[in-house]
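Colleague: Here's the letter readout for the chains.
There are 2 protein chains.
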Amino acid sequence: MAISLYAVSVPLCKQMLNSLSAILNKAQAHASAKNIEPDALLQARLFPDMFPLIRQVQIATDFARGICARLAGADVPSYESSEKTFADLQALISKTLAFIDGFTPAQIDGNEERITILRPGTPKEKKFTNQAYLLTYGLPQFYFHVTTAYAILRHNGIEIGKRDYMGA
Amino acid sequence: MAISLYAVSVPLCKQMLNSLSAILNKAQAHASAKNIEPDALLQARLFPDMFPLIRQVQIATDFARGICARLAGADVPSYESSEKTFADLQALISKTLAFIDGFTPAQIDGNEERITILRPGTPKEKKFTNQAYLLTYGLPQFYFHVTTAYAILRHNGIEIGKRDYMGA
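In order, the protein sequence lines correspond to chains A and B. For the first sequence, counting from 1, position 115 maps to 115 in our numbering; every step adds exactly one. For the second sequence, counting from 1, position 32 maps to 32 in our numbering; every step adds exactly one.
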């Protein structure tokens, strides 16, 4: 008995991306109900040199695509990060969900010991086994950006709770 | 090939608890250097109905102990949550690290399909396989509270970055 690599990647990313989508819908509804300029939330940050909400969501989806693609040995798609609205972010999340849902357990399982190289050929090159990449690098950062998006919205008074973060 | 249940639990919790300890040390040093009352950070929140830093750290350690103990089929120790200072939080993290380090792969691996029941006999009872408990419940919440502790400190101007969150 053991856990499959797929089980520790695709479904976890899906759980959190679905939560993130629901949380952003609540934020958009709140902005609309209170006549809040959407950018007041989309561009909100917890500190001036931190990324704003919109970028946190982009990076969370980057990690979801990067994790699933790398574990499958597939190319990591390059997205433009040109999102400007809540609708754009929902489209980004949907596109990311469709992308990661395209991977099957057969494409990912068994690749634990394959090598993933981040930023190859640069001074910041990092080499990992897939398992180490997922567990010590990809997942902690993925959760970091989802939680930070949540924290920015919570800090701005959106009525969401842990249940929204955890998903259905 | 597959991932062992131990590999997805004890080392991940250790990575983040060590980071959390280092981050709290930086916060304490910052408070000391700037003559900031420690409680201004320890009791800081991102929103009035969110938990303050001290509670975020307590809950993060609760999850670390709960995850590792449940997966091993051991009793989850009950701690007092009486921490009041940075030193208390460091002691709590050390005690938690020692506790989870006490589990061996042999105690955890192979327990994927055993049933974990949270809050048994209450209206909020939840039943999971160990694998589902870890992946869909324990880990997302553990990362949530570590990240929220980080976010509270970052929001209060502590000079920490993603590298501190990720650890050495």
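In case anyone wonders, no lab produced these hints; they're calculated from the structure. One or more hints might be untrue.
Identical copies look the same in the list; a pair holds intra-copy or inter-copy alike.
To be verified - Within a straight-line C-alpha distance of at most 35 Å, the following computed DSBU-like cross-link-like pairs (lysine-lysine) qualify:
| # | residue 1 | residue 2 |
| --- | --- | --- |
| 1 | K124 | K26 |
| 2 | K34 | K127 |
| 3 | K84 | K127 |
| 4 | K126 | K84 |
| 5 | K34 | K124 |
Fair warning: this is a prediction, and the values are worked out from it, not measured in the lab.
Colleague: Up to 35 Å between alpha-carbons, please classify K126 paired with K84: within, between, both or neither.
Modeller: Within. Shortest intra-copy distance 31 Å satisfies the 35 Å Cα cut-off; inter-copy 39 Å does not.
Colleague: Checking K34 and K127: alpha-carbon separation at most 35 Å within a copy, between copies, both or neither?
Modeller: neither (48 Å within a copy, 39 Å between copies)
Colleague: With 35 Å as the alpha-carbon cut-off, assign the pair K34 and K124 to within, between, both or neither.
Modeller: between (45 Å within a copy, 34 Å between copies)
Colleague: Pop the pair K124 and K26 into one bin, within, between, both or neither, using alpha-carbon distances up to 35 Å.
Modeller: Between copies only: 25 Å across chains, 38 Å inside a chain, cut-off 35 Å.
Colleague: Go through the copies and call it for K84 and K127: within, between, both or neither, with a Cα cutoff of 35 Å.
Modeller: Intra 34 Å, inter 41 Å, cutoff 35 Å: intra-copy only.
Violated hint for the displayed structure: number 2, the only one.
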